[in-house]
Amino acid sequence: MLNSCRTFAVTAAIIVASTFGSAAHAVDVTGAGSSFVYPVVSKWSATYAEKTGNQINYQSIGSGGGIAQIKAGTVDFGASDMPLDEATLDKFGLGQFPDVIGGIVPAFNLDGVASGQLVLDGQTLADIFLGKITRWNDAAIAALNPDVKLPDAKVTVVHRSDGSGTTFNFSNYLSKVSPEWKTRVGEGTAVQWPVGIGGKGNQGVSAYIKQIKNSIGYVEYAYALQNNIGSAVMKNAAGKVVAPASTAFQAAADTANWKDAKNFNLLMTNAPGEDAWPITATSWVIMPKQPRNAANAKVVLEFFKWAYENGQEQARSLDYVPLPQSLVDQIENYWKTDFKM
Amino acid sequence: MQLTHARQFARDSERRSHADARHDRIFRRLLKFCALLVLVALLGAALSTLWGGREVLFGQGLHFLTSDAWNPVKDDYGALAPIFGTVVTSLIAIVLSVPVSFGVAMFLTEIAPNWMRGPVSSAIELLAGIPSIIYGMWGLFVFVPFMSGIEPVLSDTLGKIPLIGRLFQGPPIGLGLLTAGIVLAVMILPFITSVMREVFQTVPTRLKESAYALGSTRWEVLWDIVLPYTRSAVIGGIILGLGRALGETMAVTFVLGNSYNITSSLLMPGTSISSSIANEFNEAVGLHRSALIALGFLLFVVTFIVLLIARLMLRQLAKREGK
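Order-wise, the sequence lines are chains L and A.
Per the numbering used here, residue 1 is the first one in the first sequence, and the count goes up by one each step.
Per the numbering used here, residue 1 is the first one in the second sequence, and the count goes up by one each step.
In case anyone wonders, no lab produced these hints; they're calculated from the structure.
You can take every hint at face value.
Restricting the straight-line Cα-Cα distance to at most 30 Å, the calculated cross-link-like pairs of lysine-lysine (BS3-like) are:
| no. | chain 1 | residue 1 | chain 2 | residue 2 |
| --- | --- | --- | --- | --- |
| 1 | L | K298 | L | K262 |
| 2 | L | K154 | A | K160 |
| 3 | L | K154 | L | K240 |
| 4 | L | K235 | L | K149 |
| 5 | L | K71 | A | K74 |
| 6 | L | K132 | L | K213 |
| 7 | L | K298 | L | K91 |
| 8 | L | K182 | A | K74 |
| 9 | L | K259 | L | K182 |
| 10 | L | K132 | L | K240 |
| 11 | L | K91 | L | K289 |
| 12 | A | K74 | L | K262 |
| 13 | L | K259 | L | K298 |
| 14 | L | K176 | A | K74 |
| 15 | L | K213 | L | K149 |
| 16 | L | K51 | L | K289 |
| 17 | A | K160 | L | K132 |
| 18 | L | K213 | L | K235 |
| 19 | L | K43 | L | K340 |
| 20 | L | K132 | A | K74 |
| 21 | L | K213 | A | K160 |
| 22 | A | K74 | L | K91 |
| 23 | L | K259 | L | K71 |
| 24 | L | K289 | L | K340 |
| 25 | L | K336 | L | K43 |
| 26 | L | K182 | L | K91 |
| 27 | L | K91 | L | K305 |
What follows is a set of in silico ranges between Cβ atoms, one per label pair, in the way DEER data are often shown:
| no. | chain 1 | residue 1 | chain 2 | residue 2 | range |
| --- | --- | --- | --- | --- | --- |
| 28 | L | P179 | A | L80 | 27 to 33 Å |
| 29 | A | V142 | L | W306 | 41 to 47 Å |
| 30 | L | A295 | A | L43 | 42 to 48 Å |
| 31 | A | G61 | L | A140 | 39 to 45 Å |
| 32 | L | A87 | A | L91 | 47 to 53 Å |
| 33 | A | F33 | L | A72 | 33 to 39 Å |
Quick reminder that beta carbons are idealized off the backbone N, C-alpha and C, glycines included.
All chains, full assembly: derive it from the sequences and hints.
This is the structure we're talking about:
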């Protein structure tokens with residue numbers, strides 16, 4: 001009896017020692033926020049954990065939640081689809097930098113019009129979502145599409161019903177290209193839509209567009225691809241017609257004026273480049289500049305440095321676009337100058 | 001000797017009745033505690049939503065109740081559109097599901113052959129066990145395309161009738177108040193049916209047989225004997241279904257269209273209190289969050305008012321019966 005007790009104690013001691021032993025040099029960090037980046041961050045963190053033993057636990061609780069958590073200091077990093085402004089960052093001693101790029105595309109369901117055949121520009125898109133253009137054969141759409149046979153049918157607008165970074169970037173783009181949109185609707189993660197029906201999440205919007213004939217909505221590029229729904233090509237700020245593709249998203253990130261944007265507080269919509277896709281979005285990692293737990297913060301930065309350099313393939317496989325090298329250089333420089341740890 | 005026995009017995013029984021009284025007291029307290037727990041939980045939930053929504057409820061006051069705007073950009077919120085959607089979809093659901101439930105319950109208790117009662121009853125109970133997200137997905141992927149085929153027919157026929165025609169005009173997209181109401185009707189059908197079936201079975205056979213003996217038809221027995229006998233329980237069942245319809249979230253979110261509209265047409269998209277909360281809560285901050293919590297409080301109020309009306313109706317019925 002005594003003997004078996006002793007064996008048990010020894011085994012337990014060995015187990016305890018081995019678990020704690022391995023935990024001693026691996027670090028667990030936590031992050032929370034945007035659901036937009038969740039798929040890629042979780043894939044990156046799995047590979048990163050295999051390589052280094054450091055665990056990055058990321059919870060997709062929404063950008064609003066992520067901002068609240070990092071302000072309260074309950075997580076090591078937050079992620080948001082909306083950048084914080086200068087005053088808020090200073091007040092809470094936070095810094096922010098982009099992590100990955102995604103494109104938002106106008107997606108439609110029109111009989112006889114294939115994906116990539118429909119051309120739209122910002123003004124027309126805004127008028128459709130304002131409810132000013134109500135039929136597909138409207139003169140404004142017809143002028144952009146002289147070779148496409150547009151049906152004489154009512155346009156059904158589909159938008160997001162939940163608050164989202166996708167809506168924020170989309171409404172920001174429409175505000176930039178249409179003064180009327182800016183005054184009547186404005187920009188935000190949720191807005192008061194003049195017309196249309198709301199679907200929950202990118203999946204909900206995709207499902208509605210697929211089911212409702214003559215509908216148009218906006219989704220992240222990956223969802224248009226995966227659900228096989230038609231996406232429009234857009235006339236960009238330079239007046240060129242571009243198709244949504246990772247090169248076009250990267251061109252937008254490349255030509256956006258990051259240099260003058262303090263703390264990367266810049267939206268890439270309506271970017272000036274000739275090949276730039278006009279509705280390109282990113283998401284920001286938000287961290288304290290002088291973290292209380294410097295060891296954890298260091299791991300977070302190492303993780304993102306690793307992801308910029310080695311996570312590109314994984315990002316592409318999930319239809320995200322890695323940041324262009326010019327932007328990565330700026331971010332790494334920002335870490336050196338602004339973060340103290 | 002005899003005397004001591006008697007004394008012993010008296011003492012024992014006294015001790016026993018003391019113990020009984022003590023147990024009784026504890027039992028009564030326990031029951032009271034359980035009942036109070038429900039009240040406290042309800043009050044706590046109501047007060048915490050009131051507190052969470054205070055910025056909007058007290059800050060904007062009447063404007064929140066009378067405005068149909070919902071503008072997160074300008075932080076201008078009004079609850080009219082979600083309240084409208086909640087009430088209208090629930091009414092459609094009740095109007096459709098009560099007659100059907102009544103028919104099913106009647107059939108099962110009075111008309112169906114014995115071998116059929118078991119399987120059909122279990123099927124109905126199974127219907128109650130389906131999670132609402134499944135109803136939502138079925139609604140979106142199966143029922144909405146079906147409705148978008150039906151709706152042009154509706155607006156070409158019913159839509160042409162003056163007055164009620166306005167209810168059936170609109171784009172045939174398959175989503176909207178009517179679709180949500182029908183999906184809700186299917187969801188609450190099993191609740192109302194099982195209550196009705198249970199209570200119809202409690203009607204004494206002697207009562208029904210007497211009516212048959214007097215030459216009543218089946219319909220007369222059902223309408224004049226069974227229904228009056230079970231009326232308050234039947235209304236209770238309907239209220240149970242209505243409560244479920246008012247608070248239903250996921251299924252409605254999928255098929256209602258989620259747009260802040262107040263329209264005369266049932267084919268137009270709308271929104272409901274619970275689906276607005278489910279949609280927007282995750283990304284809402286500041287006043288927006290407060291407005292959503294205030295909506296939650298309003299759902300309490302709406303449900304309370306509906307229950308109150310039902311109680312008043314019951315009392316009115318009882319009064320008329322007394323005359």
